[in-house]
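Student: Using the sequences and the hints, build the whole thing.
Protein chains in written order, with my numbering: chain A, 9 to 260; chain B, 2 to 75; chain C, 4 to 191.
Calculated directly from the structure, the hints in this document are not laboratory data.
There's no promise every hint is true.
Said to hold, decoys possible - As a list, the in silico SDA-like pairs of lysine to any residue whose alpha-carbon atoms are at most 20 Å apart: (1) A:K32 to A:L122; (2) A:K90 to C:E72; (3) A:K102 to C:L70; (4) A:K90 to B:D5; (5) A:K90 to B:T47; (6) A:K207 to A:P220; (7) A:K207 to B:G12; (8) A:K90 to C:V69; (9) A:K253 to B:A15; (10) A:K90 to C:A68; (11) A:K98 to C:A71; (12) A:K102 to C:R65; (13) A:K102 to C:A71; (14) A:K90 to B:A15; (15) A:K253 to B:F51; (16) A:K207 to A:K98; (17) A:K207 to B:Q46; (18) A:K32 to C:I44.
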Amino acid sequence: MASEAHGAETGGLVFHPMDQFIVKPLFGGDEIAWYTITNVTLWMAVAVLAVIAMMVLGTSRRAMIPSRSQSVGELAYGFIYKMVEDVAGKDGLKFFPYIMTLFMFIVFANFLGLIPMSFTTTSHFAVTVVLALLVFLTVTIVGFVKNGIGFLGLFWVSSAPLPLRPILAVIELISYFVRPVSHSIRLAGNVMAGHAVIKVFAGFAAIAVVSPVSVVAITAMYGLEVLVAFIQAYVFTILTCVYLKDALHPSH
Amino acid sequence: MEGDLAHIGAGLAAIGSGAAAIGVGNVAGNYLAGALRNPSAAASQTATLFIGIAFAEALGIFSFLVALLLMFAV
Amino acid sequence: MATETHEAAEHAAEAMNGAHEAAASAPGMPQLDFTNWGNQIFWLLVTLVVIYFVLSRIALPRIAAVLAERQGTITNDIAKAEELKAKAVEAEEAYNKALAEARAEAQRIAAETKAEMQAELDAAVAKADAQIGEKLAESEKAIAEIRAGAVDSIKDVAKDTAAEIVAALGSDADAKTVEAAVAARMEG
Numbered sequence: 009m010a011s012e013a014h015g016a017e018t019g020g021l022v023f024h025p026m027d028q029f030i031v032k033p034l035f036g037g038d039e040i041a042w043y044t045i046t047n048v049t050l051w052m053a054v055a056v057l058a059v060i061a062m063m064v065l066g067t068s069r070r071a072m073i074p075s076r077s078q079s080v081g082e083l084a085y086g087f088i089y090k091m092v093e094d095v096a097g098k099d100g101l102k103f104f105p106y107i108m109t110l111f112m113f114i115v116f117a118n119f120l121g122l123i124p125m126s127f128t129t130t131s132h133f134a135v136t137v138v139l140a141l142l143v144f145l146t147v148t149i150v151g152f153v154k155n156g157i158g159f160l161g162l163f164w165v166s167s168a169p170l171p172l173r174p175i176l177a178v179i180e181l182i183s184y185f186v187r188p189v190s191h192s193i194r195l196a197g198n199v200m201a202g203h204a205v206i207k208v209f210a211g212f213a214a215i216a217v218v219s220p221v222s223v224v225a226i227t228a229m230y231g232l233e234v235l236v237a238f239i240q241a242y243v244f245t246i247l248t249c250v251y252l253k254d255a256l257h258p259s260h
Numbered sequence: 002m003e004g005d006l007a008h009i010g011a012g013l014a015a016i017g018s019g020a021a022a023i024g025v026g027n028v029a030g031n032y033l034a035g036a037l038r039n040p041s042a043a044a045s046q047t048a049t050l051f052i053g054i055a056f057a058e059a060l061g062i063f064s065f066l067v068a069l070l071l072m073f074a075v
Numbered sequence: 004m005a006t007e008t009h010e011a012a013e014h015a016a017e018a019m020n021g022a023h024e025a026a027a028s029a030p031g032m033p034q035l036d037f038t039n040w041g042n043q044i045f046w047l048l049v050t051l052v053v054i055y056f057v058l059s060r061i062a063l064p065r066i067a068a069v070l071a072e073r074q075g076t077i078t079n080d081i082a083k084a085e086e087l088k089a090k091a092v093e094a095e096e097a098y099n100k101a102l103a104e105a106r107a108e109a110q111r112i113a114a115e116t117k118a119e120m121q122a123e124l125d126a127a128v129a130k131a132d133a134q135i136g137e138k139l140a141e142s143e144k145a146i147a148e149i150r151a152g153a154v155d156s157i158k159d160v161a162k163d164t165a166a167e168i169v170a171a172l173g174s175d176a177d178a179k180t181v182e183a184a185v186a187a188r189m190e191g
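Tutor: Here it is as C-alpha cells:
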C-alpha cells in the first residue's frame, strides 16, 4: 500500500515532492563545503542580477517621465518607503535600505523559485532563519541602544492589573523569542508547502484518468503561489517594520 | 511500526491546515464585513489584514511542518 | 504488512536521499540536512551584502533623487501655472478695461457727431427759415402793393364809372361829390 505511493521501481505513483529542494554542487563533486558553488549560489546570484536589473538598470535613465521599467522600480521604492514610514515611523527610515534589501531579496527569490526547474532559496530554513535572526538581532540591539534598559518595558505591560503583570511579562518574553521562529518558518513553510503541493499534484498526473484534473489543479496552485510569493515577502517586510516599531517606541 | 504511527500523526497534523484555513477565513471575512460598513476606513487597514492573515496562517504552516517532519524526518 | 510498509518507507527515504549520497544519514527533508547550512548561510550573507550595497549606494539615492526632482518639477509647474493663471486674469481685466474705455470713447464720439450734425441742421433750418421769412415778407409786401394798387384802380374806375353814369343820367356832377360818394360806398 505504502510502497505503491513511494516506490519508484514498483511502477506505481512517483512522489518526490522534496527533491526540488536538494542542494547540489553545480560543478561536480559531492562534498558541500561552505564555499562550494551550488544551485543555491546560482539562484541567489540570479536574484541579485534581477534586483540590479530592476533597481539600477531600470532607473539608469533617471527620466523625469518614467519609462515602464523605471516606474516599476519607483513603485517598489515608494511601496516599501511608505510601509516603513507608516508602520515604523519617521525614525524608522534609517533602516529603509536594510528593509528594502530584505524585501527585494525575498520577493525575487520567491518569484524566481516559481520558474519551473528552478531552485527556491527561500524554501530553506537555513536562509529564512538567518534572515529572521538578522531582523531579531537588529531589533534587539536597536531597542537597547535607543532605549537602554527601558526597552524591557516592552515586556512590562503597564496597562494590565499589577498581579497579572509578571505572568504577562513571561508570556511577552516567550512571544518575543518565538518571533524569529515564526518569522522564518512562516516564509519557508509557505513557499515549501506550495511547491511540494504542486509536485504532489504533478505526481498524480501519471494516472491518465486523473491527469486533466491534476493539470488544472497545478495551474490553480501556481496562481495561488504567485500570490503567496508576493504576500509572504510583504508579510515578512511588514513584520520587520512592526518589530522595528517595537524597538523604536517600546511603550505600549 | 513507528513509520505507520508517524504517517497517522502526519495525517492528524494536517487537520491543523484546515483549522488555519478557518482562522484565515475568519480574519478576511471580518475585515470584509467591517470594510463594507465603513469603506473609507478599509484602505488604511489592509496592512493589519495581512498581518492578521499571516499570524493565522503561520500556525497552519506549523502544523504542516509537523506533518512534514513526521513524514520525512522521523 | 507492517514490516513490509516499514521497509517501503525506508526504501522511499533511500530513494529520496539518492540524489546526495554524501549525506546518507540525512533526513528526507533537504531543509533539515544541516550539512549544507553553512554553504547556504555563506552565500545568503554574500547575496544580502551585495544587494544592500547596490541598493544603498546606487539604486535608492538615484530613485530618491529622481522622485525629489519630479516633486520639485511638479511644484514648480504648479507655481508657474498659478502665475500664468494670474497673468491671464490680469490680461482679461486689462482687456475689459480697454473695452469699456473704447465703448465710452465711441459713445462720446457718437454724441459729439450727433451734436455737430444737430447744430448744422439747426443752422440750416434757421437759415432756411430766415430766407422763407424774407421771401414771405417780400411777397406780402408785393401783395400789399398789388392790393393797394388794385384799390386805387378800383377807386379810379368807380369814380370814372360813377361820373360817367351820373353824366349819362343827365345830371351834372362835380368831381368832389362823386369822389365823396364813392369813398363812402367803398367804406361801407
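Student: Confirm or reject each hint.
Tutor: Hint-by-hint comparison with the structure:
{"no.": "1", "hint": "A:K32 to A:L122", "in the structure": "18 Å, holds"}
{"no.": "2", "hint": "A:K90 to C:E72", "in the structure": "18 Å, holds"}
{"no.": "3", "hint": "A:K102 to C:L70", "in the structure": "18 Å, holds"}
{"no.": "4", "hint": "A:K90 to B:D5", "in the structure": "51 Å, violated"}
{"no.": "5", "hint": "A:K90 to B:T47", "in the structure": "13 Å, holds"}
{"no.": "6", "hint": "A:K207 to A:P220", "in the structure": "15 Å, holds"}
{"no.": "7", "hint": "A:K207 to B:G12", "in the structure": "18 Å, holds"}
{"no.": "8", "hint": "A:K90 to C:V69", "in the structure": "17 Å, holds"}
{"no.": "9", "hint": "A:K253 to B:A15", "in the structure": "35 Å, violated"}
{"no.": "10", "hint": "A:K90 to C:A68", "in the structure": "16 Å, holds"}
{"no.": "11", "hint": "A:K98 to C:A71", "in the structure": "17 Å, holds"}
{"no.": "12", "hint": "A:K102 to C:R65", "in the structure": "17 Å, holds"}
{"no.": "13", "hint": "A:K102 to C:A71", "in the structure": "18 Å, holds"}
{"no.": "14", "hint": "A:K90 to B:A15", "in the structure": "38 Å, violated"}
{"no.": "15", "hint": "A:K253 to B:F51", "in the structure": "17 Å, holds"}
{"no.": "16", "hint": "A:K207 to A:K98", "in the structure": "44 Å, violated"}
{"no.": "17", "hint": "A:K207 to B:Q46", "in the structure": "35 Å, violated"}
{"no.": "18", "hint": "A:K32 to C:I44", "in the structure": "15 Å, holds"}
Of the numbered hints listed earlier, those contradicted by the structure are 4, 9, 14, 16, 17.
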